[in-house]
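Engineer: Dock chain B against the given chain A, drawing on the hints supplied.
As given, the protein sequences belong to chains A and B, one line each in that order.
Numbered per UniProt numbering, the first sequence spans residues 1 to 388.
Numbered per UniProt numbering, the second sequence spans residues 1 to 107.
Derived by calculation from the structure, the hints in this document are not laboratory data.
Misleading hints may appear alongside valid ones.
[To be verified] Straight-line alpha carbon distances no greater than 25 Å define the calculated PhoX-like cross-link-like pairs of lysine-lysine that follow: (1) K240/A / K43/B; (2) K75/B / K240/A; (3) K91/B / K240/A; (4) K210/A / K91/B; (5) K36/A / K370/A.
[To be verified] Cβ pair distances, simulated, as ranges: (6) V74/B / S94/A: 48 to 54 Å; (7) N204/A / V74/B: 38 to 44 Å; (8) L5/A / V74/B: 52 to 58 Å; (9) L41/A / D62/B: 58 to 64 Å.
Idealized CB from N, CA, C, for every residue including glycine.
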Amino acid sequence: MEQNLLWGYRRPDGRVGIRNHVLILPTIVCATQAAKNVTELVQGTVSFIHQHGCAQVGVDYDQTFRTYVGMGTNPNVYGVIVMGLGCETHQGKSVADEIAKCGKPVELVSIQDHGGTLAATAEASKIAAQMVQDASALVKEPFDMSELIVATECGGSDACSGLSANPAVGYVSDRVVDRGGTAILAETTELIGAEHLLADRAVNDRVAQKVYQVIEAMESRAIHMGVDIRTGNPSPGNRKGGLTTLEEKSLGAAAKAGTRPLQELIDYAERPSEKGLVWMDTPGHDIEQLTGMVAGGAQIVLFTSGRGTPTGSPIAPVIKIATNTSMFEKMRENMDVNAGTIIEGTENLESVGERILNEIERTANGKLTKSEILKQHDFGIWRIGPTF
Amino acid sequence: MSTYFRNVMMQPNDNVSTALTDIPVNSLVSVRCNQQIMEVTVKDTIEFGHKFAVVCIPEGSDVVKYGEVIGVAVKTIEAGEHVHIHNVDGKRGRGDITHGTESALGI
Numbered sequence: 001m002e003q004n005l006l007w008g009y010r011r012p013d014g015r016v017g018i019r020n021h022v023l024i025l026p027t028i029v030c031a032t033q034a035a036k037n038v039t040e041l042v043q044g045t046v047s048f049i050h051q052h053g054c055a056q057v058g059v060d061y062d063q064t065f066r067t068y069v070g071m072g073t074n075p076n077v078y079g080v081i082v083m084g085l086g087c088e089t090h091q092g093k094s095v096a097d098e099i100a101k102c103g104k105p106v107e108l109v110s111i112q113d114h115g116g117t118l119a120a121t122a123e124a125s126k127i128a129a130q131m132v133q134d135a136s137a138l139v140k141e142p143f144d145m146s147e148l149i150v151a152t153e154c155g156g157s158d159a160c161s162g163l164s165a166n167p168a169v170g171y172v173s174d175r176v177v178d179r180g181g182t183a184i185l186a187e188t189t190e191l192i193g194a195e196h197l198l199a200d201r202a203v204n205d206r207v208a209q210k211v212y213q214v215i216e217a218m219e220s221r222a223i224h225m226g227v228d229i230r231t232g233n234p235s236p237g238n239r240k241g242g243l244t245t246l247e248e249k250s251l252g253a254a255a256k257a258g259t260r261p262l263q264e265l266i267d268y269a270e271r272p273s274e275k276g277l278v279w280m281d282t283p284g285h286d287i288e289q290l291t292g293m294v295a296g297g298a299q300i301v302l303f304t305s306g307r308g309t310p311t312g313s314p315i316a317p318v319i320k321i322a323t324n325t326s327m328f329e330k331m332r333e334n335m336d337v338n339a340g341t342i343i344e345g346t347e348n349l350e351s352v353g354e355r356i357l358n359e360i361e362r363t364a365n366g367k368l369t370k371s372e373i374l375k376q377h378d379f380g381i382w383r384i385g386p387t388f
Numbered sequence: 001m002s003t004y005f006r007n008v009m010m011q012p013n014d015n016v017s018t019a020l021t022d023i024p025v026n027s028l029v030s031v032r033c034n035q036q037i038m039e040v041t042v043k044d045t046i047e048f049g050h051k052f053a054v055v056c057i058p059e060g061s062d063v064v065k066y067g068e069v070i071g072v073a074v075k076t077i078e079a080g081e082h083v084h085i086h087n088v089d090g091k092r093g094r095g096d097i098t099h100g101t102e103s104a105l106g107i
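The following block holds chain A by itself, in its conformation from the complex (with noise of 0.2 Å):
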C-alpha cells in the first residue's frame, strides 16, 4: 500500500477519524434504553449496552470513567450526547465535562432533569439530528498510517490460529509500525507463557519489567482464586479446535505482535504515548478487550477467529479474520477476510498480510465490515473491583 491513499476526519485535537459517528453514551445502565431509543430515531448516531457506571468505587471507578471518556474522544466519533440518570456514581457532567477538552461537540441529557425517559429521548434526539448534520457536512482529507492505531485481537481460537491468521496479523502489525503507526497488543491472559519473547523485545529494562508484572497480576489472580485457569481459558470452543493449554494458546496468540520491539505497556482503555507496537493489560475477554482498545484510541481493529464470532464495536470497524477456510465459508456473514489459505498451502503469510493491508485501506475509505452491517455493537469494561 502506498502512503496517503488513507482518507479521514480530522478531529479539533489533530487526531484522525476513519467513521463520523455521532455517539450516545450511556454513563449508566438505567440510561441505555433512552440512548437506544435515539440511535431508534436518528440516523447516523450509535449507542451501546452496559452493566456499569452505579456503586463502583477507587481503581475500578476509575477504569470505568476512562473507559467512557475514551470512547466519546475515539476520533471516529463526531460529536458525543452523555446521556446519565442524575444519581449515579458516573456522574454524566463530569464524563462530558473530560470529553469536552478534545474540542469536539459534547452535550449532556440527564433523565432525572428532563423528566422522563420519553422527554429525554426527546431532547437528545432534538440535539443528536442537529449534530449529525454537522458531522456529514464534514469533508475527509488524506492521512497516512502513522495516525492509525490499530488494535489486534483473536477470539474464539482454534489451532489455526497460531499458525495462519495470527501470524498474518503479525506481519500487518510490522508493516503498521514501519510506516510510522501504532500497533496494540492485547488480552495479557492469553500472553500467559509467551511473555519471555514479549519481554526480550521490549525497549527497555523498565518495559521488560512491566511485562513480568502485569503477567504476574493476571496469573496470580487464578491462583489466589484456588482455581485453574484453564477451566475458563481455553474455553470448550478452543479445545474442541484442538488448543490444549493456556500457553498453547498464548504462544498462538503472541505471533499478532509481528516482530518489532516492544515500546511500552499501558493500562486498560489508556492512550498510547509511543507509536510502534505497544501492550495494552487486558484480560482475554473479547468484549473487555475490545473495548479497551478503541477507548484507548484504536481506529481499526483487526481480530482473527478459528471458532468464528460476530464480535463489533458501536464505532470502530472490526476487520475479522479466519484462520480456516471451512469457518470461513460456513460463517461468511461475520468474516471480512480468509487466512486459512495458509493453512491449505495455497497462500503464505505475506500475501495474506498484504490482503489485509488493503482490507484496512479499503475499510478506513468507507467499505463496511460485516460487524459494521450488522449492528454488532458490542462494549464491555474489565471490572477490577467489586460493586457497592
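Structural biologist: Positioned in the frame of chain A, the structure of chain B alone reads:
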C-alpha cells in the same frame, strides 16, 4: 505405506505435530521439520487442528510446540498418540495446585 496427511511440526525440538486434515487411526504419517523427516503411525484418530506425539513423551516431561513448553505430560504418551487435555496439563495459572506464597513465575 505412508499416505499423505498434511501436518505441521513447527520447530526441530517440538515433540508434537499438528494435523492440518483429519487423520484416521493407524495411518502412517510423514512428519517434516526443516530437513528432518519422520514416519509416525497415529494410534488414535487425529482431528484437524489436534496434535499427535512424534516421539514418546515420558510422564512428567514437557510437551513442546513452537519450540516452547506448552504443558506437561500427565502420563507417558507414545509416539502417534493424540496429545490433548486427557494427557497434558497446563503449568501456568494453576491455582488448583498449592504454590505457597510464591507465584508460579518465581518472581
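Engineer: Against the 25 Å threshold, does the CA-CA distance of K210/A and K91/B hold or violate the hint?
Structural biologist: OK: K210/A and K91/B at ~22 Å, within 25 Å.
Engineer: Tell me if the beta carbons of L41/A and D62/B are separated by a distance inside 58 to 64 Å.
Structural biologist: Taking Cβ atoms as reference, L41/A and D62/B lie about 60 Å apart, which means the hint holds.
Engineer: Are the Cα positions of K36/A and K370/A separated by 25 Å at most?
Structural biologist: holds (21 Å)
Engineer: When you check the alpha-carbon spacing of K75/B and K240/A, does it fall within 25 Å?
Structural biologist: holds (21 Å)
Engineer: Indicate whether the distance between the beta carbons of N204/A and V74/B respects the range 38 to 44 Å.
Structural biologist: Holds, at about 40 Å.
Engineer: When you check the alpha-carbon spacing of K240/A and K43/B, does it fall within 25 Å?
Structural biologist: holds (19 Å)
Engineer: Taking 52 to 58 Å as the hint, is the beta-carbon distance of L5/A and V74/B inside that range?
Structural biologist: Because 53 Å falls inside the window, the suggested range holds.
Engineer: Between the alpha carbons of K91/B and K240/A, is the straight-line distance 25 Å or under?
Structural biologist: holds (20 Å)
Engineer: Taking the CB of V74/B and the CB of S94/A, does the distance hold inside 48 to 54 Å?
Structural biologist: holds (52 Å)
Checked against the numbered hints above, the structure violates none of them.
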